[in-house]
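Asks: Line by line, the protein sequences are chains A and B.
If you count by our numbering, then the first sequence holds residues 6 to 443, one letter each, in order.
If you count by our numbering, then the second sequence holds residues 54 to 372, one letter each, in order.
Derived from the structure by calculation, the hints contain no laboratory data.
The reader is advised that the hints may include incorrect statements.
Claimed, not checked - Part of the chain A face toward chain B, derived, beta carbon under 8 Å: (1) Val85; (2) Ser87; (3) Ile88; (4) Leu92; (5) Ser387; (6) Ala421.
As the list claims (entries may be wrong) - Here are the computed lysine to aspartate or glutamate pairs in the EDC-like style, where the Cα-Cα straight-line distance is at most 20 Å: (7) Lys346/B / Glu190/A; (8) Lys119/B / Glu402/A; (9) Lys232/A / Asp297/A; (10) Lys203/A / Glu122/A; (11) Lys357/B / Glu326/A; (12) Lys357/B / Glu122/A.
Glycine included, every Cβ here is placed at the ideal spot set by N, Cα and C.
The primary structure of each chain is shown beneath.
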Amino acid sequence: MSVLTFRGGIHPFDGKELSKEKPIQKLLPVRDLVYPLSQHIGAPAVPIVKKGDSVLAGQMLAEAGGFVSAPIYASVSGTVKSIEPRLTPGGIRVNSIVLENDGNYKEVAYEAGKPLEQLSADEVTGAIQKAGVVGMGGAGFPTHVKLSPKDRSQIDYVIANCAECEPYLTSDYRRMLEEPEKLIEGMQIILSLFPNAKGVFAVEDNKVDCALKLEKLVKGQQNMEVKTLKTKYPQGSERHLIYAVTKRQINSTQLPADAGCIVDNVDTICSVRQAVVEGRPLTSRIVTVTGDAIKDPCNFEVLLGTSHLDLIEAAGGLLGEPEKIISGGPMMGNPLFELDVPVVKTSSALLCMSGDEAALEPQACISCGRCVDVCPGQIVPSRLASFAAQGKQEEFEKWNGMECCECGCCSYICPAKRHLTQSIKTMRRQILAQRRKK
Amino acid sequence: MMQHISSNPHVRAKDSTSRIMLLVCIALLPACGFGIYQFGIRALFHIVITVAVCVITEYLYQYFMKKRITVSDFSAVVTGLLLAMNLPVYAPLWIGAVGGVFAILVVKQLFGGIGQNFMNPALAARCFLLISFSRHMTNFFDGQSGATPLAVLKDGKAVDSWDMILGTCEGVIGETSVIAILAGAVILLMAGVISIRIPACYLASFIVFLVLFGGKGFNLSFITAHLAGGGLMLGAWFMATDYVTSPITPKGQILYGIILGILTGIFRIFGNSAEGVSYAIIFGNLLVPLIEKITIPTAFGKGKFNYVTQKTAGGEKHE
């Protein structure tokens, strides 16, 4: 089997050994549960409960604030303590529903869905929308919107993003190893929406065991196959994954559907299955708690809203005093300055690092071109960072600065330790904000 | 408890500027070593003096200008080595010191230090010395008559290419042995310090130029002598590939290499002097911003490789 890939990328220390062999454990929350109303791309959800209300696990707390939005459900039974701004892993304060756990975990009665053959496409996406499923790989884009492109017949690939290219993360790996049937069932549901599509499980070649398992299960199913990708960061970047699998390139302003593709990550597809088959909303996710500053690295199934402090305690606590604690992976994750923040739909990992490699003094650029070699966007990070520093917007756009996917490869590789991604990202955000104003 | 906060990514590769520069120094050692072996202890004096003056000049400038001291990045050592390798062994020992001050102070530091110079400091200093002290800089035979192989070639006479490849011929300290220089080039390529784009395009376009305008057609010994002679090998592998003064865009590097080959050809074949590599490269250095401007890479998913563009173009064809 040929190994698929794209041009550029890096091979950072992957750290997956720490938590790879740890089976997924269920984690019960200790502290109050916090549900930020905005944990997806689009309009914030609108609360439908008020302070003092008793709720059951699986009960809707906030409804979607529009089509591009997602509802939020209680993950435990208990009492609404307050609705107030709370800090999120993203580092901003967001209006959140705070729930006091009564410890009974009493659930609402879920209504199992009809068999797939009896469901119309709209019923399927309706169930996904109702369950509050969003892209759980990090972007948080509402899945029902992704699954409703203009013309469903134009989609010829549904790609399951099983790359998990971020170092240290093993949540998708464990999921594929432990519950591959669920992933495949989820894929079948998504494929039912796209009559001309083929399902592709795109797995990096450092997870051969998962690939073999999936291969065995899809054997004989003509509309599904497993493809092996070269292990390289950022192999799981949507546009680069599409390219690796189909050789189709799209730019930053286009959607996967423009290339006839739908891409969803492992956890998202499993949540789709849960929504359609069991009628259960999204109330939990798999989180890898790892790093060299955590005593016992683990993979947890975590109820949404659980405090990161609970995660650390469940993983045996911290070793010494970590210099950096990151929500997500080391390449694209957000650093935390406060640990009492909740696990949200897009939280894939909690990474505790004893040292901070990024805290080195940047030196002058020597134009070595390593950033150009590794840039998957095939742009020139060092020049773009200079344009950004000098506020040269016209030059920045001319040199394709807007095509940056913010993957971080350039900062990683820079021998002068320049914060290239940061500079480019800042300029990009400014330009995007300007464009929205117009 | 206080944790660090910074923008992603949070990990960094081990490579550093000083490690890269150190690798360049190591890659220059075979040629330096051969120079000392061939020309004797005086060659070592030249190397030591030039390197020391470069490093001290950088240190003193930064110290007195209250700038961060960056001598530990080894870039001044590289400049010193390259400059010393471009000196004839019989030149007075002070000449490397003069060149070193010029290279570091005028060409590098006054323009902002490492990364900011638009000309290769060692080459600019060599050209400065060639113009200012031409007698010393072309003194290959300690006052006796004679010529470098390239000068002999220029006069239309035959030379022994084998001597030139081994390095057992006259020339400046570090450029006579093709084998020693190529050994260094292999180190640079293997360590990923340089890509082959610039040297390969440089040498290829120079060969094409020789065949077309050299007046001897495809004459293998003539071409070999030109490739092995003078500063071409040292220039193509160690000076044209200088990061700061060459284009960063991949296509730009190809274009830059081709331009250097043509310029070297013009200077060597039609010029007065036998040698042309130094002038070709510093001239090429000046073109770098322009070359980059016209070789901005096509971003991933842009242009003709875009799927939607391809599909619409393909669709029209079918109709």
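Asks: Which of the numbered hints are not met once you compare them with the structure shown?
Replies: 1, 2, 3, 4, 7, 8, 9, 11, 12
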